[in-house]
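Chains G and X supply the protein sequences, listed in that same order. Numbering of the first sequence is given in the numbering used here, commencing with residue 1 and proceeding in unit increments. Numbering of the second sequence is given in the numbering used here, commencing with residue 1 and proceeding in unit increments.
Honestly, the hints are just simulated from the structure, not real lab data. Virtual Cβ for every residue (Gly too), placed ideally from N, Cα, C. Heads up, a few of these hints could be off.
The calculated label-pair distances, taken between Cβ atoms and stated as ranges, are [said to hold, decoys possible]:
1. Gln267/G / Tyr217/X: 34 to 44 angstroms
2. Arg107/X / Lys221/G: 30 to 40 angstroms
3. Thr6/G / Glu135/X: 37 to 47 angstroms
4. Glu243/X / Lys200/G: 38 to 48 angstroms
5. Glu269/G / Glu229/X: 43 to 53 angstroms
6. Ala280/G / Asn32/X: 29 to 39 angstroms
7. Phe283/G / Asn32/X: 50 to 60 angstroms
8. Ala289/G / Glu135/X: 54 to 64 angstroms
Which bits of chain G does chain X cover? Going by a derived footprint, with three or more residues having C-beta under 8 angstroms, they are [unchecked claim]:
9. 14–25
10. 176–183
Residue strings, one per chain:
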Amino acid sequence: MDFTLTDEQKMLRDTARRFAENELAPIAANVDLDSDVPASVIRKMAELGFMGIVFPERYGGFELGEVGYCLVQEELSRACASTAVVLGGHVSIGAMAIYLAGTDEQRERFLPALTSGDRLAAFALTEPGAGSDAAAMRTTAREDGDEFVLNGQKTFITNGGIADVYSIFARTDEGRGVRGISTFIVEQDTPGFRAGPPEKKMGIRGSHTTDLFLEDVRVPKENLLGTRGQGFKVAMRTLDVGRLSLGAQCLGAAKQALDLSIRHATQREQFGGAIARLQAVQFMLAEMAADVYAMENIVYRTAQMCDNGDPFGREAAIVKLFCSEALNRVVDRAVQIHGGMGYMAEYPIERFYRDARITRIFEGTNEIQRIVIARDLLKKKMY
Amino acid sequence: MNIAVLVKLVPDTAAQIRLMSDHSDIERRDLNWVLSPYDEFAVEEALQLAEKKGGEVTAVSCGDESMVEALRKALAMGAAKALHIKREGPHNLLAIARAIADNIHERKFELIFAGCKATDDESAAIGQMVATMLEIPCVTEVNKLEVGDGSLTAERNIEGGSELLEASLPCVVTAQKGLNEPRYPKLKGIMMAKKKPVETVEAPAGEARLDSLAIAYPPERPEGRIVGEGVEAVPELIRALREEARVIE
Chain G
1 MDFTLTDEQK MLRDTARRFA ENELAPIAAN VDLDSDVPAS VIRKMAELGF
51 MGIVFPERYG GFELGEVGYC LVQEELSRAC ASTAVVLGGH VSIGAMAIYL
101 AGTDEQRERF LPALTSGDRL AAFALTEPGA GSDAAAMRTT AREDGDEFVL
151 NGQKTFITNG GIADVYSIFA RTDEGRGVRG ISTFIVEQDT PGFRAGPPEK
201 KMGIRGSHTT DLFLEDVRVP KENLLGTRGQ GFKVAMRTLD VGRLSLGAQC
251 LGAAKQALDL SIRHATQREQ FGGAIARLQA VQFMLAEMAA DVYAMENIVY
301 RTAQMCDNGD PFGREAAIVK LFCSEALNRV VDRAVQIHGG MGYMAEYPIE
351 RFYRDARITR IFEGTNEIQR IVIARDLLKK KMY
Chain X
1 MNIAVLVKLV PDTAAQIRLM SDHSDIERRD LNWVLSPYDE FAVEEALQLA
51 EKKGGEVTAV SCGDESMVEA LRKALAMGAA KALHIKREGP HNLLAIARAI
101 ADNIHERKFE LIFAGCKATD DESAAIGQMV ATMLEIPCVT EVNKLEVGDG
151 SLTAERNIEG GSELLEASLP CVVTAQKGLN EPRYPKLKGI MMAKKKPVET
201 VEAPAGEARL DSLAIAYPPE RPEGRIVGEG VEAVPELIRA LREEARVIE
């Protein structure tokens, strides 16, 4: 088993690392304070090519794979979780749904503007009454001649209001449960479609999270992604990719929290010396390192499975479950090592602590991940 | 304009360097290797010049297989092609410079850029040696460059001021910090680098007439000194900064 990076992957990581250090780290505190990732940062990511990283060249992408994408997400997340989430909303779920479910014609129509970053994408599944229980979805799409007419409300949508292209899930067929759900592409300027104001959040404040309102939104039939009734499958396949790269985001944040903790522990003096010489602190650092190492391995092993074309749905759920909980353990210990300073907004660790909490909730709660993992185990009747 | 840029792979300057137990070399395993930072200024200047005046940039590196990574980085930044002068054997500046000069003199480069020094051995020698072997002028540690028809003007820092130089082309220019702001490779560049040609030629190890005997860690930094307290300490502080630390003028 080979975890050696290729020259391309190393260059990609170095580019992401420099971008994160030079352009994100200096503004990350303000991104949090202003609740906004500046449009100039999103544009710069687009110029560097981050928006098209995993997609095929024929759609304007760079074919650098999930491993490459995870390397980028890891580096961005060391500096600014909000920016990583904006990129994730665009690449791993918004544009990814179009790529995974779209026909060639639909891919050619929508992807080039998304891979170049000229337009931003979002993925809209969750509703006020349908979070983990996607089958309870109430947004409808009624066929009317050459069009579908969409009505309903979505909630907690990443990149809401700033995205140009939305992959929206709606019920096309009553009484068919999850088999009655289909996916539609809705462009932001479609009459009857609007985003609510950004929600105020505990963490990842720089990413925009909004409601979406659909009132008699008419889209041409060509905007039905893939096959009617396949929406739930599309959502699940897309979220597999999203969960994997979310693991990479957790990894980056955890590594940074550990590095900050090592630095603090070797500089902070109590009882006549650096606190790093105290075993209580050393044990915390060691446990953080064990978590980070495990995260690193499952993220890149699973990314390789994805790039090799192997099935990785259960593994993606494990990555999401383990990495989000490991990150929460790591940032908790990081705050503890920083003591009172770790609780102060002046230090980045306070932001890392708040940003970390959502990772156990979004892209499928960890309880849903456990169900996904258990169902797969029981279906196969073995590990 | 036909431009060459000499590049080298070095340990990441942020890396913690450890020495082998016999102090013959640094511990090379587990290090992150990067294009030497001064070479990045050289590549950037070469690319800007080619973009402004037309022409192409060839990245050149002499050393073992690992140097291809430095060439790929230059290609990803925008160089058109690369020349790998494959040379195994001990570090030998004279042999490296000879191999480079022998392999580029017929390629009619009008400008040859190099970093003013590599950040590992800090020899600051290859650019000058290559220029001497090719019998062309060399301007070193350049932080501002203007290239005209058949000549260039370059600015470099000297003790207490700056110097303005004019040289005829072809010429070797070694890049100092401040010359430009190196770009980082875009994904498009990284992807295209895979498809650009890397030519490989073999070069002899050369006769070693100079040996590195041992390397050592830098001495521990002496503890800080408190020169006094309050306003009264200012004159002594200024004196110490000027005369002992030599960080102000």
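Structure-based check of each hint:
Between Gln267/G and Tyr217/X the CB atoms are about 22 angstroms apart, so this pair departs from the stated range of 34 to 44 angstroms. Under the hint 30 to 40 angstroms, the C-beta atoms of Arg107/X and Lys221/G, about 60 angstroms apart, miss the expected range. At about 41 angstroms, the beta-carbon gap between Thr6/G and Glu135/X stays in the expected band of 37 to 47 angstroms. Checked against the hint of 38 to 48 angstroms, the C-beta distance between Glu243/X and Lys200/G comes to roughly 57 angstroms, which is inconsistent with it.
Between Glu269/G and Glu229/X the Cβ separation comes to about 22 angstroms, which falls outside the hinted range of 43 to 53 angstroms. Taking 29 to 39 angstroms as the suggested C-beta distance range, the pair Ala280/G and Asn32/X conforms, at roughly 32 angstroms. Against the hinted window of 50 to 60 angstroms, the Cβ-Cβ separation of Phe283/G and Asn32/X comes to about 28 angstroms, which falls outside the hint. Ala289/G and Glu135/X have their C-beta atoms about 56 angstroms apart, which keeps the hinted 54 to 64 angstroms range intact.
Coverage of a stretch by a chain is defined here by at least three residues with a beta carbon nearer than 8 angstroms to that chain's beta carbons; for the stretch 14–25 of chain G and chain X the count is 4, and the condition holds. A stretch counts as covered by a chain when three or more of its residues have a beta carbon under 8 angstroms from one of that chain; for the stretch 176–183 of chain G and chain X the count is 0, and the coverage is violated.
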